[in-house]
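K.L.:
Chain residues, written in single-letter form:
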Amino acid sequence: MVSYTYGKTLLKIENVSLEYDGRPILRNVSAEIKDILRPDCTQGQVVGFLGPSGIGKTQLFRIIAGLNPPTSGRVTVNGLDRPVKAGEVGVVAQDYPLFEHRTVLSNLLLAANRKEKDDKVAHDKVLQYLNDFELIDKARLYPVQLSGGQRQRCAIIQQILCSDHFLLMDEPFSGLDLLMLERTCALIQKVANMDELNTIIVVTHDVTAAASVADHLWLMGRDHDAKGTPLPGSHIVETYDLIERNLCWHPEIITHPQFVEFVREVKDRFRTL
Amino acid sequence: MNEAIELLAPNRVISKKTVRWLVGFQLLMLLSIWIFSPTVFLPKPREVFRALGDLWFEGLGGELITSFYLNIQAIAISACLSLLLAYLTVIPFFRPIVALLSKLRFLSMVGLTFFFTLMATTGHELKLFLLVFSVSVFFVTGMAEVVASIPKEKFDLARTLRMGDWRVVYEVIVLGQADKAFEVLRQNAAMGWMMLTMVEGISRSEGGIGAMLLNQNKHFHLSAVFAIQLTILLLGLGQDYAIGLLRKIFCPYADLTLERK
Numbered sequence: 001m002v003s004y005t006y007g008k009t010l011l012k013i014e015n016v017s018l019e020y021d022g023r024p025i026l027r028n029v030s031a032e033i034k035d036i037l038r039p040d041c042t043q044g045q046v047v048g049f050l051g052p053s054g055i056g057k058t059q060l061f062r063i064i065a066g067l068n069p070p071t072s073g074r075v076t077v078n079g080l081d082r083p084v085k086a087g088e089v090g091v092v093a094q095d096y097p098l099f100e101h102r103t104v105l106s107n108l109l110l111a112a113n114r115k116e117k118d119d120k121v122a123h124d125k126v127l128q129y130l131n132d133f134e135l136i137d138k139a140r141l142y143p144v145q146l147s148g149g150q151r152q153r154c155a156i157i158q159q160i161l162c163s164d165h166f167l168l169m170d171e172p173f174s175g176l177d178l179l180m181l182e183r184t185c186a187l188i189q190k191v192a193n194m195d196e197l198n199t200i201i202v203v204t205h206d207v208t209a210a211a212s213v214a215d216h217l218w219l220m221g222r223d224h225d226a227k228g229t230p231l232p233g234s235h236i237v238e239t240y241d242l243i244e245r246n247l248c249w250h251p252e253i254i255t256h257p258q259f260v261e262f263v264r265e266v267k268d269r270f271r272t273l
Numbered sequence: 001m002n003e004a005i006e007l008l009a010p011n012r013v014i015s016k017k018t019v020r021w022l023v024g025f026q027l028l029m030l031l032s033i034w035i036f037s038p039t040v041f042l043p044k045p046r047e048v049f050r051a052l053g054d055l056w057f058e059g060l061g062g063e064l065i066t067s068f069y070l071n072i073q074a075i076a077i078s079a080c081l082s083l084l085l086a087y088l089t090v091i092p093f094f095r096p097i098v099a100l101l102s103k104l105r106f107l108s109m110v111g112l113t114f115f116f117t118l119m120a121t122t123g124h125e126l127k128l129f130l131l132v133f134s135v136s137v138f139f140v141t142g143m144a145e146v147v148a149s150i151p152k153e154k155f156d157l158a159r160t161l162r163m164g165d166w167r168v169v170y171e172v173i174v175l176g177q178a179d180k181a182f183e184v185l186r187q188n189a190a191m192g193w194m195m196l197t198m199v200e201g202i203s204r205s206e207g208g209i210g211a212m213l214l215n216q217n218k219h220f221h222l223s224a225v226f227a228i229q230l231t232i233l234l235l236g237l238g239q240d241y242a243i244g245l246l247r248k249i250f251c252p253y254a255d256l257t258l259e260r261k
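If you read the protein sequences in the order shown, they are chains G and L.
For what it's worth, our numbering labels the leading residue of the first sequence as 1, then goes sequentially.
For what it's worth, our numbering labels the leading residue of the second sequence as 1, then goes sequentially.
Source of the hints: derived by calculation from the structure; they are not laboratory data.
Be careful, since some hints might not be right.
[Claimed, not checked] Below, simulated SDA-like cross-link-like pairs (lysine to any residue); rule was C-alpha separation at most 20 Å, straight line:
#1 L/Lys152 - G/Asn68
#2 L/Lys152 - G/Ala93
#3 L/Lys180 - G/Arg102
#4 L/Lys152 - L/Pro92
#5 L/Lys154 - L/Leu175
#6 G/Lys115 - L/Phe155
#7 L/Lys154 - G/Glu100
#8 G/Lys115 - L/Asp156
#9 L/Lys152 - G/Pro69
#10 L/Lys154 - G/Gly148
#11 G/Lys12 - G/Leu37
#12 L/Lys154 - G/Gln145
#13 G/Lys34 - G/Asp164
#14 L/Lys152 - G/Leu67
#15 L/Lys218 - L/Leu230
#16 L/Lys152 - G/Asp95
#17 G/Lys85 - L/Val169
#18 L/Lys44 - L/Leu31
#19 L/Lys180 - L/Cys251
#20 L/Lys248 - G/Glu100
#21 L/Lys248 - G/Arg102
#22 G/Lys115 - L/Val168
#23 L/Lys154 - G/Arg114
#24 G/Lys85 - L/Lys154
#25 L/Lys248 - G/Gln145
#26 L/Lys154 - G/Arg151
#27 G/Lys117 - L/Glu171
#28 L/Lys248 - G/Arg140
#29 G/Lys190 - G/Leu135
#30 L/Lys152 - G/Val144
#31 L/Lys154 - L/Ala178
#32 L/Lys152 - G/Gln59
#33 L/Lys152 - G/Arg102
#34 L/Lys16 - L/Ile5
#35 L/Lys152 - G/Tyr20
Put together the whole structure using the sequences plus the hints.
P.N.:
Encoded structure:
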């Protein structure tokens, strides 16, 4: 068993509800992410956020990103006593949007300069990231000239440069072949472990991929009445702590029988949502 | 043989060399039809070029400069006004105003002459007002449509990069849609030449190529009419190429993914 402790709360979702035209979409959603501390190791946080289609994942995603306000409740980051603002949580959308009129370098400099006022420091930081993510030779290209994987990395760097250690990723495993899936999982862990405070929330349908990179899983769903009819308004119905189950930070975790059993357990629960 | 089949199949990409051959062949065909056409209403190339020479000595050059200056002025003013109005549609207050302006494109220019004559102090001003109005109502329609069709994700991206409201407008709309703005400008600048002849017909005080065209048309000098049309066409093509070149220089990313570059 790996030794670890929990530090301060990094992100907190407090009783978030959302209604559209009086119709509840989200109902009292509450969750929090704490800093995971491991001795002699920089350990970021990765949360897998699962739920069936149409359950309101995207709505909660936008609220956490500070792009939309909830009807009630709030999301706070870094212990600040105010709702999260757009820009504090980075967002990597499914199609990896970038500014098509700017080159890769220009896209990243734009993001870096939003946070770092010293041009030289911002430029050096961007070059460092381009080197680390093997994109240095693509710096002068436009986004349309990048492959899907390169575009994904570029979008991730852009958001890391600007946000406060938080990254929301929407369906990063969607439509990937096995090799790309493994690379994306490795990339998520690499980004998470670049800084102790780095926190990644991965919104996905892929239970196995999410469980293989995450330390916690949030399962979103609806309650049902006695007749089995879903009640309006979804919330996080289950939180799985993978550290407690000794199912994270192991290489080749997906081959472990306990992991396979765990994925089956989550999938069975998924079907009841 | 294969290349020939490719020319007749949909969505085929052909080599630049084939494109040159194709254009050359079609131009030759067009020229042959023109030369050998039996219709008496179609002046032969020789007559048209002779008329062009005569017109030149009658002051075609000067009239061209007058018209070109008027058109460039109108396009510049229309572009500034229309872009500003289209960008202002991000503010809800301006949306109904721009929508109303856009609807004015159905109005006839002739019906507006009296109104603009009251406003203008010179013939040049009257023509400029008419031209700016006529081009702007179409320009603002095209550009407002470009602004309205920007996907939400682009705005979200800018917001997640901590951009304020106006910086979002600058990055996503002004810079992000610059290539499309050039394209709308290109189309409307071409329309400017079409309207110019009408406007110069309404107010002939300064002359211009439009007034010259109407005079020749009135006297049924078909060779001269064709010569003036040819001159306008060549000038228009030059203008189109220049705007396209500017688009290529300022927005090199715009055509990177096109199948037919």
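K.L.:
Taking 20 Å as the top limit, are the C-alpha atoms of G/Lys115 and L/Phe155 close enough?
P.N.:
holds (19 Å)
K.L.:
L/Lys154 and G/Arg114: Cα distance at most 20 Å?
P.N.:
holds (17 Å)
K.L.:
For the pair we were handed, L/Lys218 and L/Leu230, check the Cα-Cα distance against 20 Å.
P.N.:
Status holds; Cα separation ~18 Å.
K.L.:
When you check the alpha-carbon spacing of L/Lys152 and G/Arg102, does it fall within 20 Å?
P.N.:
holds (18 Å)
K.L.:
Is the straight-line distance between the alpha-carbon of L/Lys180 and that of L/Cys251 20 Å or less?
P.N.:
At roughly 9 Å apart (the allowed maximum being 20 Å), L/Cys251 and L/Lys180 satisfy the hint.
K.L.:
Within a Cα-Cα threshold of 20 Å, do L/Lys154 and G/Gly148 meet the stated pairing?
P.N.:
holds (18 Å)
K.L.:
Is L/Lys154 close enough to G/Glu100, meaning Cα to Cα at most 20 Å?
P.N.:
holds (10 Å)
K.L.:
Given the hinted pair L/Lys154 and L/Ala178, is their Cα-Cα distance within 20 Å?
P.N.:
Satisfied, since the Cα-Cα distance of roughly 14 Å is no more than 20 Å.
K.L.:
Keeping to a limit of 20 Å between CA atoms, is the pair of G/Lys85 and L/Lys154 held or broken?
P.N.:
holds (18 Å)
K.L.:
Given the hint that L/Lys152 pairs with G/Tyr20, does the C-alpha gap stay at or below 20 Å?
P.N.:
Within the cut-off at roughly 19 Å; holds.
K.L.:
Would the hint linking L/Lys152 and G/Val144 be met if the CA-CA limit is 20 Å?
P.N.:
Holds, at roughly 19 Å.
K.L.:
Checking one constraint from the list: CA of L/Lys16 to CA of L/Ile5, max 20 Å. Satisfied?
P.N.:
Given pair L/Lys16, L/Ile5 holds - Cα atoms ~16 Å apart, limit 20 Å.
The earlier numbered hints are all upheld by this structure, with none contradicted.
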